[in-house]
Amino acid sequence: MSKGRSMAPVVKRKKLAEVEWKVIEDFCKGCGFCIEFCPVDALEESEKLNAKGVHPPKLKSEDACIGCGLCERICPDFAVHLETKESGGERE
Amino acid sequence: MTVLQEFEKHPLAKYLRLERFPHIWCEGCGDGIILNCFVKALDDLGINMDKLVVVSGIGCIGRIAGYIKCDSFHTTHGRPIALATGIKLANPKLTIAVISGDGDLFAIGGNHFIHAARRNVDMTVICSNNFNYGMTGGQFGPTTPLDSYTTTTPYGNIEHPFNLVHLAAAAGAVYVARWTALHVKRLTESIKKALQKKGFKFIEVISPCPEIYGRRNKLGKAIDTMKRYRQICEIRHGYDPAKAEITIEKIIVGEFIDIEKPTYGELLQKQFLTIQKR
Amino acid sequence: MTMHREVLTGKHLMQGDIACAEGAIAAGCKFFAGYPITPATEITERMARRMIEVDGMFVQMEDELASMAAIIGASWAGAKAMTATSGPGFSLMQENIGLAVMTETPCVVVNIMRGAPSTGLPTEGAQQDVMQCKWGSHGDYEIIALAPASVQEMFDLTIECFNFAETYRAPTFLLADGFTGHLWERVVIPSREEIKTVERKKPIVPADKYVPFKPDEDLVPPMACFGEGYRVHVTGLTHDELGYPKTTDPKIQHELVNRLCEKIRKNSDKIIRTYKFMLEDADVAVIAYGIPSRSSLNAVKRAREAGIKAGLLRLITVWPFPEKQVEELSNHVKAIVVPEMNCGQVVREVERVAKETPVHFSSKIGGEPHSPSEIFEVIRRAAKA
Ligand SMILES: Cc1ncc(C[n+]2csc(CCOP(=O)(O)OP(=O)(O)O)c2C)c(N)n1
Ligand code: SF4
Ligand SMILES: [Mg+2]
Numbered sequence: 000m001s002k003g004r005s006m007a008p009v010v011k012r013k014k015l016a017e018v019e020w021k022v023i024e025d026f027c028k029g030c031g032f033c034i035e036f037c038p039v040d041a042l043e044e045s046e047k048l049n050a051k052g053v054h055p056p057k058l059k060s061e062d063a064c065i066g067c068g069l070c071e072r073i074c075p076d077f078a079v080h081l082e083t084k085e086s087g088g089e090r091e
Numbered sequence: 000m001t002v003l004q005e006f007e008k009h010p011l012a013k014y015l016r017l018e019r020f021p022h023i024w025c026e027g028c029g030d031g032i033i034l035n036c037f038v039k040a041l042d043d044l045g046i047n048m049d050k051l052v053v054v055s056g057i058g059c060i061g062r063i064a065g066y067i068k069c070d071s072f073h074t075t076h077g078r079p080i081a082l083a084t085g086i087k088l089a090n091p092k093l094t095i096a097v098i099s100g101d102g103d104l105f106a107i108g109g110n111h112f113i114h115a116a117r118r119n120v121d122m123t124v125i126c127s128n129n130f131n132y133g134m135t136g137g138q139f140g141p142t143t144p145l146d147s148y149t150t151t152t153p154y155g156n157i158e159h160p161f162n163l164v165h166l167a168a169a170a171g172a173v174y175v176a177r178w179t180a181l182h183v184k185r186l187t188e189s190i191k192k193a194l195q196k197k198g199f200k201f202i203e204v205i206s207p208c209p210e211i212y213g214r215r216n217k218l219g220k221a222i223d224t225m226k227r228y229r230q231i232c233e234i235r236h237g238y239d240p241a242k243a244e245i246t247i248e249k250i251i252v253g254e255f256i257d258i259e260k261p262t263y264g265e266l267l268q269k270q271f272l273t274i275q276k277r
Numbered sequence: 000m001t002m003h004r005e006v007l008t009g010k011h012l013m014q015g016d017i018a019c020a021e022g023a024i025a026a027g028c029k030f031f032a033g034y035p036i037t038p039a040t041e042i043t044e045r046m047a048r049r050m051i052e053v054d055g056m057f058v059q060m061e062d063e064l065a066s067m068a069a070i071i072g073a074s075w076a077g078a079k080a081m082t083a084t085s086g087p088g089f090s091l092m093q094e095n096i097g098l099a100v101m102t103e104t105p106c107v108v109v110n111i112m113r114g115a116p117s118t119g120l121p122t123e124g125a126q127q128d129v130m131q132c133k134w135g136s137h138g139d140y141e142i143i144a145l146a147p148a149s150v151q152e153m154f155d156l157t158i159e160c161f162n163f164a165e166t167y168r169a170p171t172f173l174l175a176d177g178f179t180g181h182l183w184e185r186v187v188i189p190s191r192e193e194i195k196t197v198e199r200k201k202p203i204v205p206a207d208k209y210v211p212f213k214p215d216e217d218l219v220p221p222m223a224c225f226g227e228g229y230r231v232h233v234t235g236l237t238h239d240e241l242g243y244p245k246t247t248d249p250k251i252q253h254e255l256v257n258r259l260c261e262k263i264r265k266n267s268d269k270i271i272r273t274y275k276f277m278l279e280d281a282d283v284a285v286i287a288y289g290i291p292s293r294s295s296l297n298a299v300k301r302a303r304e305a306g307i308k309a310g311l312l313r314l315i316t317v318w319p320f321p322e323k324q325v326e327e328l329s330n331h332v333k334a335i336v337v338p339e340m341n342c343g344q345v346v347r348e349v350e351r352v353a354k355e356t357p358v359h360f361s362s363k364i365g366g367e368p369h370s371p372s373e374i375f376e377v378i379r380r381a382a383k384a
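Chains as they are written, first to last, in numbering that gives the first Met the number 0: chain R, 0 to 91; chain C, 0 to 277; chain F, 0 to 384.
Just so you know, these hints were derived from the structure itself, not from any lab.
Positions of the beta carbon are idealized from the N, C-alpha and C atoms, including for glycine.
Hints may contain errors.
[Stated by the list, open to error] One side of the interface only, derived from the structure: several residues of chain C facing chain F at Cβ under 7 Å:
| no. | residue |
| --- | --- |
| 1 | Ala81 |
| 2 | Ala89 |
| 3 | Ile107 |
| 4 | His111 |
| 5 | Tyr154 |
| 6 | Ile157 |
[To be verified] Distance condition first, Cα-Cα at most 30 Å in a straight line; then the derived DSBU-like pairs of lysine-lysine:
| no. | chain 1 | residue 1 | chain 2 | residue 2 |
| --- | --- | --- | --- | --- |
| 7 | C | Lys217 | C | Lys184 |
| 8 | C | Lys197 | C | Lys184 |
| 9 | C | Lys13 | R | Lys84 |
| 10 | C | Lys92 | C | Lys13 |
| 11 | C | Lys68 | R | Lys84 |
| 12 | F | Lys200 | F | Lys269 |
| 13 | F | Lys200 | F | Lys323 |
| 14 | C | Lys242 | C | Lys191 |
| 15 | C | Lys192 | R | Lys14 |
| 16 | F | Lys213 | C | Lys50 |
| 17 | R | Lys13 | R | Lys84 |
| 18 | R | Lys21 | C | Lys8 |
| 19 | F | Lys245 | R | Lys51 |
| 20 | F | Lys275 | F | Lys265 |
| 21 | F | Lys213 | C | Lys68 |
| 22 | C | Lys242 | C | Lys260 |
| 23 | C | Lys68 | C | Lys184 |
| 24 | C | Lys50 | F | Lys208 |
| 25 | C | Lys260 | R | Lys51 |
| 26 | R | Lys14 | R | Lys57 |
| 27 | R | Lys14 | C | Lys191 |
| 28 | F | Lys208 | C | Lys8 |
| 29 | R | Lys59 | R | Lys21 |
| 30 | F | Lys354 | F | Lys262 |
| 31 | R | Lys47 | C | Lys220 |
| 32 | C | Lys191 | R | Lys21 |
| 33 | C | Lys8 | F | Lys333 |
| 34 | C | Lys92 | R | Lys51 |
| 35 | C | Lys68 | R | Lys21 |
[Stated by the list, open to error] Which stretches of chain R does chain C cover? Using the computed rule of at least three CB atoms under 8 Å from a CB of chain C, they are:
| no. | region |
| --- | --- |
| 36 | 17 to 27 |
| 37 | 30 to 38 |
| 38 | 70 to 78 |
Working from the sequences, and respecting the hints, build out all of it.
Below, the structure is given as structure tokens:
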């Protein structure tokens with residue numbers, strides 16, 4: 000992962016919060032910010048094409064997300080957000 | 000699940016006028032990030048949305064007022080600060096945020112900016128600085144860098160740009176910060192700080208306009224501009240805003256000014272009490 | 000505390016501008032924003048002293064664009080708001096006057112007219128902004144404008160302006176000439192109880208049921224102000240009843256713009272005020288407003304003495320234009336005389352409505368108002384023709 004100097008604090012692959020990563024696929028305009036700036040490189044383009052004709056992001060793997068919330072904040076279109084898990088931590 | 004139902008689950012949904020989404024901004028436009036960080040700041044602070052008024056001018060970013068679920072005013076081009084001054088002085092209990100563009104706040108509305116800062120009227124002013132007039136198709140404005148191409152500088156810009164943070168500080172703002180659309184967490188913290196502080200606060204947000212400014216100046220896609228911010232931004236809190244000119248090589252970001260000074264409202268209140276006693 | 004009274008009940012020798020400021024305060028004005036300009040400065044100065052005494056807010060803005068914007072903001076924050084200016088400042092206010100029209104913001108704009116164009120004659124009165132008052136901002140719209148002809152009316156009609164602004168949610172104008180503004184005369188200020196004031200209509204439904212720009216039967220929507228929990232969005236763009244921009248639907252533009260005009264036109268009977276003097280049997284009618292109407296009254300009396308059946312229709316409401324009154328009059332007089340302190344503004348409206356009836360215009364610009372004998376001469380010519 001070489002991304003130059005990251006603006007986000009250095010984070011290890013340690014869960015910060017028990018959350019579920021969510022995408023509203025049809026809101027995505029394909030800017031790619033979430034994929035590029037995720038500090039742990041947890042996201043990638045999906046194969047799907049949404050209503051706007053772009054590939055919305057998806058998690059690389061179930062547990063890739065550490066719940067830092069950067070993608071939720073940097074998404075200009077409110078397409079990505081983290082949902083607090085109802086029964087926190089049970090799945091891990 | 001419909002898109003709206005999905006959207007309702009967004010943690011910031013209750014601050015937004017959901018039925019008005021998706022918003023009008025282009026792919027990768029920084030204005031959406033400003034909206035996102037602004038409402039996150041409201042959420043973190045637990046702001047009373049019945050007592051918040053967002054005022055904007057005209058331009059792409061000017062549409063922001065209409066997306067936030069509070070009292071909001073989309074004014075005429077250049078006048079949001081003057082109108083917001085009326086709101087604040089008539090009802091001092093309201094929290095006022097003015098969110099507008101570089102052209103709106105510093106070209107056509109420049110006079111209102113410096114005088115509101117001088118008076119120290121209690122409001123937070125956030126400028127989406129995308130270095131051009133996005134809404135009208137990309138003409139140059141008061142922050143357009145020298146030599147840049149816009150539809151009205153077809154041979155390159157020969158006007159010297161404003162350094163907005165210097166201008167704000169010189170005019171008397173009590174809080175002055177600059178971030179880019181990449182600095183989402185720091186920007187959010189900055190907005191929170193400004194909203195809690197009394198007086199005239201100013202936050203400049205350097206914001207990509209990929210469709211118009213970016214295209215004409217061959218800056219690539221929004222993501223390329225954002226990557227560039229990552230390369231050339233340097234965080235320097237307390238830095239002299241006069242020296243924080245934006246150049247191609249470097250953008251100094253951070254909190255430059257954070258001082259205390261009696262606000263217009265406070266001085267007025269004092270005067271009011273003396274006069275009522277007479 | 001006597002000095003902190005909102006209504007200065009009693010008899011006073013007052014200047015027109017000051018009577019206007021006192022009228023505003025008596026009407027409940029709680030916010031004034033202005034920028035000094037002759038011959039309206041005295042209003043701003045009076046408000047600077049008085050607003051704070053009556054728990055109101057005075058602010059001197061950086062220019063008239065800002066003053067107009069500020070009173071719109073203040074009105075949405077719940078205050079009755081006013082600004083005062085003269086020609087050059089009035090020109091600067093025009094864009095935001097349109098904003099007030101479009102956003103249905105109750106507010107009062109006072110224009111103490113001076114010689115124009117441009118910086119013109121700062122210290123001389125005129126009536127050169129009457130058409131600008133009606134048409135100065137871009138687009139189609141209707142406003143209300145009242146023209147005082149005495150210091151008493153500077154007081155009374157300012158109150159009336161606030162009442163109309165609040166009733167119809169429209170910017171309302173006190174259109175006075177510089178002479179009336181600077182005149183000193185006796186003013187009788189009634190008791191607070193005798194002064195009728197109007198408050199804007201508020202929503203009676205809870206926030207989730209409130210549709211901010213849905214009009215009632217009178218075509219005026221109830222107004223929730225900022226901070227009251229209704230979370231209203233206000234825009235100068237063409238908007239639907241929710242207040243949201245709708246710029247691609249011709250129907251919405253059609254309905255909105257027409258309603259903004261109709262809410263004034265349909266209520267014009269309630270808005271229009273005129274004063275009639277010896278019109279019943281008149282052959283020649285003088286139609287005047289503001290300072291020339293005073294000389295006209297004198298001229299009409301003189302004409303009667305000289306055996307000419309003359310009469311006077313004084314327009315207290317200039318906009319909406321009293322079409323019905325002028326039309327009726329034109330049906331039974333032989334000629335109409337219109338004296339104005341401009342090169343011909345209201346006379347165009349009179350001609351449009353009077354159709355066949357000959358209209359004699361008497362223009363006076365440059366300082367002195369018409370003398371009674373000047374108007375008398377025109378009446379005599381009109382009677383002969
Ligand atoms: C009085 C007036 N002049 C010109 C315009 C046209 N206009 C609309 S937005 C705009 C520029 C907006 O630029 P900026 O404030 O930087 O916002 P951006 O679109 O870049 O976000 C202009 C010139 C207008 N609406 N009103
Ligand atoms: S034109 Fe520029 S500023 Fe406007 S929405 Fe598009 S990217 Fe954003
Ligand atoms: Mg811009």
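How about C:His111: closest beta carbon in chain F under 7 Å, or not? At 6 Å from the nearest chain F Cβ, C:His111 passes the 7 Å test, so the hint holds.
Hinted pair, alpha-carbon criterion (30 Å max): R:Lys13, R:Lys84. Please report holds or violated. holds, 17 Å
Practice item. Would you mind confirming whether the straight-line C-alpha gap from F:Lys213 to C:Lys68 stays at or under 30 Å? Key: Judged against 30 Å, a Cα distance of about 19 Å means the pair holds.
Hint check: C:Lys197 vs C:Lys184, CA-CA at most 30 Å. Holds or violated?
holds, 22 Å
Q: Report holds or violated for chain C covering the region 30 to 38 of chain R, Cβ cut-off 8 Å, minimum 3 residues.
A: The restraint on the region 30 to 38 of chain R holds, since 5 of its residues have a Cβ under 8 Å from chain C and three suffice.
_Check the hint pairing C:Lys68 with R:Lys21 against an upper bound of 30 Å on the C-alpha distance._
Between C:Lys68 and R:Lys21 the Cα gap is close to 23 Å, so the pair holds against 30 Å.
Measuring from the C-beta of C:Tyr154 to each C-beta in chain F, is the shortest one below 7 Å? violated, 32 Å
>> Just to be careful, I want the Cα atoms of F:Lys213 and C:Lys50 compared with a cutoff of 30 Å; is the pair within it?
In response: Status holds; Cα separation ~23 Å.
Hey, C:Lys68 versus R:Lys84, does the alpha-carbon distance stay inside 30 Å? holds, 26 Å
Verify the proposed pairing of C:Lys50 with F:Lys208, using a straight-line Cα cut of 30 Å. holds, 19 Å
**Prompt:** CA of C:Lys92 to CA of C:Lys13, is that 30 Å or under?
**Reply:** holds, 22 Å
> If you draw a straight line from the CA of C:Lys92 to the CA of R:Lys51, is it 30 Å or shorter?
Replying inline: With a Cα-Cα distance of about 43 Å, the restraint between C:Lys92 and R:Lys51 is violated, given a limit of 30 Å.
Comparing the model with each numbered hint stated earlier shows that hints 3, 5, 6, 25, 33 and 34 do not hold.
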